[in-house]
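If you read the sequences in order, they're chains A and B.
Our numbering applies: residue 174 is where the first sequence begins, and numbers increase by one.
Our numbering applies: residue 112 is where the second sequence begins, and numbers increase by one.
These are computed hints drawn from the structure, not numbers from a lab.
It is possible that part of the hints are untrue.
As the list claims (entries may be wrong) - From chain B, some residues computed to sit far from chain A (all C-beta separations above 12 Å):
(1) N297
(2) V330
(3) M331
(4) R339
What the hints assert, rightly or not - Within a straight-line C-alpha distance of at most 35 Å, the following computed DSBU-like cross-link-like pairs (lysine-lysine) qualify:
(5) A:K203 x B:K227
(6) B:K227 x B:K284
(7) B:K232 x B:K284
(8) B:K337 x B:K284
(9) B:K337 x A:K203
Being a predicted model, the structure only gives us computed values, none of them experimental.
All C-beta atoms, glycine included, are put in the ideal place defined by N, C-alpha and C.
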Amino acid sequence: MGQFLQFALNGLMSGAIYALIAVGLVSVFKATRVVNFAHGYLIMFGAYFYFTFAVLVPQAAWAPEWLQSWRPDWMVEMRADLPMFSPLAAVLDWMANLPRILLGLAGALICNALLGMLIERTLMRPLMGQSVFAMIMLTVGLISILSGTAQLIWTSDAAFVPALAPNTPIRFEMFGATIFLFGADLANMLIALAIFAGIVAMVRYTRSGVAIRATAEDQSTAYSMGISVPRVFSRAWVLASTTGAVAGAILATRNGVSPALGLFGFSVLAIVLMGGLDSYLGVFIAAMAVGVLEALTQWQLGGEWAGIVPYVAVLIVILIRPHGLLGSKEIERI
Amino acid sequence: MLAIENIEVNYHRAVQALRGLSLQVAEGRIVALLGTNGAGKTTTLKAASNLLPLEHGAINAGRIRFDGADIRGEAPDALVRRGLFHVREGRRIFTEMTVEENLIAASWALDGRGVKPDYDKVYGFFPPLADRRRQVAGYLSGGEQQMLAFGRAMVAEPRLILMDEPSLGLAPKVVEEIFATIRRLNSEEGVTILLVEQNAAVAFSVAHYAYVMEHGRIVMEGDVAKLRNDPDIQSFYLGLGDGGSSSFRDVKHYKRRKRWLS
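Chain A extracted, bound-state conformation (with noise of 0.2 Å):
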């Protein structure tokens, strides 16, 4: 029971991460019809921009030295007293990081926004009122361009990045069984739900949510209530593409950055095919589902079988349900 619950909540802390990415997936298929295969390479775009400015940035020769490591008299008194190991020392060691972790997590956001701004402007907007088909496969050939130009400007070497937040072991008792966890993943999952609980208020609950939702049921209508639809467009793709920078710096201090992260976006696809493409309820339990299906899948068939077994719960999901466990009917499949 106890092994049982510690892979269950890692799943868990997985699946929120799914969640953050699938986020910008539904978004912009709600407002634009358009399913982004390239969200993939967007996180991956954001988890260099947070490379480049949380490491590569503080390395610079003209930045200040308290931007590469920040440790004022105090922090180094009460960091010489602590034993080796001690959780304090942890979160100090952390604090340390926190201005480029917190540079980094700007230009993120900044830089991917603006990304996702260009990538709107110049590559969707004339094809508006065309095919969304003509859209989808510009999202295909995007792959090819994002991954390239990111090879050329950083290089294909993989590197690491401060984690998010501190890293300090965490250990509970629950049902009679210790439960381990890492400071850091518990934190990226709040970190992940708090922005999809968000964005999901946002779009139920807000005046821009009923234009979001207005322009997904009827472009026309929707520009003759006064609602400018390819202001909604463009807000859709930085929701998407800020998200993803969120969730890039989150999959970079797990795995490093390196273009293979691009290849994520790909398996949450499937999560948001599972959950049903427009929906943000249904993506939230595909990708939870998933999530703890590989840790499960980790636990009693080892580390090769996790790849596939999820995925096989997808397509049998799929199967029975094409619109996902929560989309709408007459959505196109793809």
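Since the structure of chain A is already known, use the hints to place chain B on it.
Same frame as chain A, but now just chain B:
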């Protein structure tokens, strides 16, 4: 207020829908635009609200002015914020959203105009909507959906409403209520209305002036009082016939119709 001057409209650069159509809507009036199926009434409204490009339509010649300014190249949403609201054919409410959210969607028309949306005014006009404000709009009856479509127009506080077949698919009693609202909107709120209808009798009951169009152009116009007594209008649009039917009448009928189509 709205001046359409000699416009020609093509769809897909191939199908000509309007052939040199002109009409004027003066401020504070209700103007009816009558015509049979496929005459181009809806196209005329779409041209005026700049929705044509969304359906691969384009204005090739002529121009449309709203409040004196040419609308060419103006985004449809900008035109709505300038005070021209188009109530589309078939009502086109957002079926997956609640009644209130449908009204909130229309409040985008007030952006940058410094006006607060007045939802209570809509509920005052249409009490059935107030009872259902949290219900999903797709489950409303046809009449209630038409009320909601009107409600959205009221939230947007337009100066000109283009109204496309508000009587479509509604019971006669509901049609009466809807047209009473049109009259009220015009007399109490001072909203100018361009009304497209197939049901000429109902349209004449509210309109001051009317245009009749066939095959993409205007074939007749005049004050409603005058048109109502016109024999052609009586026989083709009001269904009154012209008494005494004989075999010769069919020939006359054909000739008269031919004159309209030329």
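Hint check:
1. N297: Non-interface label on B:N297 holds, nearest chain A Cβ at 20 Å vs cutoff 12 Å.
2. V330: holds, 28 Å
3. M331: holds, 29 Å
4. R339: holds, 32 Å
5. A:K203 x B:K227: holds, 28 Å
6. B:K227 x B:K284: holds, 33 Å
7. B:K232 x B:K284: holds, 23 Å
8. B:K337 x B:K284: Distance ~27 Å between B:K337 and B:K284 Cα, so the pair holds.
9. B:K337 x A:K203: violated, 52 Å
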